[in-house]
Amino acid sequence: MSQDVEAKVKSIIVDKLGVDESEVVAEANFTNDLGADSLDTVELIMEFEKEFDLSIPDEDAENIATVGDAVKYIQEKS
Amino acid sequence: MNLKDKNCIVTGGSRGIGKSIALTFAKLGANVAITYSRSADAANEVADEIKKAGSKAMAIQADATDFSKAEEVIAKVVEEWGALDVLINNAGITKDNLILRMNEEQWDAVINTNLKSVFNYSKAAAKPMMRARGGSIVNIGSVVGISGNAGQSNYSASKAGLIGFTKSYAKELASRNIRANVVAPGYITTEMTQDLDEKVLESIREETPLGRAGNPEEVSNVVAFLASDLSSYITGEVIRVDGGMAM
Numbered sequence: 001m002s003q004d005v006e007a008k009v010k011s012i013i014v015d016k017l018g019v020d021e022s023e024v025v026a027e028a029n030f031t032n033d034l035g036a037d038s039l040d041t042v043e044l045i046m047e048f049e050k051e052f053d054l055s056i057p058d059e060d061a062e063n064i065a066t067v068g069d070a071v072k073y074i075q076e077k078s
Numbered sequence: 079m080n081l082k083d084k085n086c087i088v089t090g091g092s093r094g095i096g097k098s099i100a101l102t103f104a105k106l107g108a109n110v111a112i113t114y115s116r117s118a119d120a121a122n123e124v125a126d127e128i129k130k131a132g133s134k135a136m137a138i139q140a141d142a143t144d145f146s147k148a149e150e151v152i153a154k155v156v157e158e159w160g161a162l163d164v165l166i167n168n169a170g171i172t173k174d175n176l177i178l179r180m181n182e183e184q185w186d187a188v189i190n191t192n193l194k195s196v197f198n199y200s201k202a203a204a205k206p207m208m209r210a211r212g213g214s215i216v217n218i219g220s221v222v223g224i225s226g227n228a229g230q231s232n233y234s235a236s237k238a239g240l241i242g243f244t245k246s247y248a249k250e251l252a253s254r255n256i257r258a259n260v261v262a263p264g265y266i267t268t269e270m271t272q273d274l275d276e277k278v279l280e281s282i283r284e285e286t287p288l289g290r291a292g293n294p295e296e297v298s299n300v301v302a303f304l305a306s307d308l309s310s311y312i313t314g315e316v317i318r319v320d321g322g323m324a325m
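In the order they appear, the protein sequences are chains A and B.
Quick note, the first sequence lines up with residues 1 to 78 if you use our numbering.
Quick note, the second sequence lines up with residues 79 to 325 if you use our numbering.
Derived by calculation from the structure, the hints in this document are not laboratory data.
Treat the numbers as computed from the prediction; the structure is a model and nothing was measured.
Even glycine gets a Cβ: it sits at the ideal position worked out from N, Cα and C.
Any given hint might turn out to be false.
Which chain B residues face chain A? A few, computed with CB under 10 Å, are given here [said to hold, decoys possible]:
(1) ARG209
(2) LEU251
(3) ARG290
Pulled from the structure, derived: some chain B residues nowhere near chain A, Cβ distances all over 10 Å [what the hints assert, rightly or not]:
(4) ARG116
(5) LYS147
(6) ASN175
(7) ILE189
(8) GLY212
(9) ILE224
(10) GLY226
(11) SER253
(12) THR267
(13) ALA291
(14) GLU295
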């Protein structure tokens, strides 16, 4: 299951940000490493909410800055 | 000009300029959800008229100052109609007084209803519009937000604040093809202005180069233009509909 989440998260990021899969590593920061602007990160969160059927409150979303943060958060919540 | 099949929300749509916007939009083919605070009968009549024009309609009771209610209203429209294309932040009140006599309640009520509500609804609309890769927001300001007016410090502050908010919103969301503009009416004949005394009305006419009050349709036509695809390259703009008053 945890690997499923990770693979799905990565594929969403590749799709949304148009980056190469090899760049989407756990430590990669959406803004600094993957070139996301502030709206892109909001859209990523929206996409995670939709794909994983979650509701991610703004105060939690602010703490999701890297690929690893997203995977960990979604694994904990789903 | 047409708004065919565009799904729209007009806050404060049961009376005055909001009602005129709702009916103009319906005539242009839009589906229109209006919100209202107290006038349920008037709101339902507007909804009936929208339906008679062949469009879908909803009348939703909602206090515009209520943040979470705004999310509910937007979610309901998106759920029932599939998308939100246009948001018109029109809900507004006046509580006029000289600054020296104005109390805290008068200040807070006007700022909350006229300005905080715009944040509430615009924020809630941003997500569905981002998903749809486009949308148009039109906020109803006032010429006094540009020029100020003795006795209306609360109202003019709320309407000036709305201009700053709209321009920031337009910049933040332009990359997603979401446009935001302001229509700033001058003296328009509605229930809000009918109680002004004749002396004030006379001076308003004197200050208005076109020499008369406007009617609500003269405002809603411009709102419809900004809501429509005809204005696709206009964002962050303030259009006065004031007979030249603030020129």
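Hints, verified against the model:
no.	hint	in the structure
1	ARG209	holds, 7 Å
2	LEU251	holds, 7 Å
3	ARG290	violated, 44 Å
4	ARG116	holds, 31 Å
5	LYS147	holds, 17 Å
6	ASN175	holds, 37 Å
7	ILE189	holds, 23 Å
8	GLY212	holds, 14 Å
9	ILE224	holds, 30 Å
10	GLY226	holds, 34 Å
11	SER253	violated, 6 Å
12	THR267	holds, 41 Å
13	ALA291	holds, 42 Å
14	GLU295	holds, 36 Å
In summary, the numbered hints that this structure violates are 3, 11.
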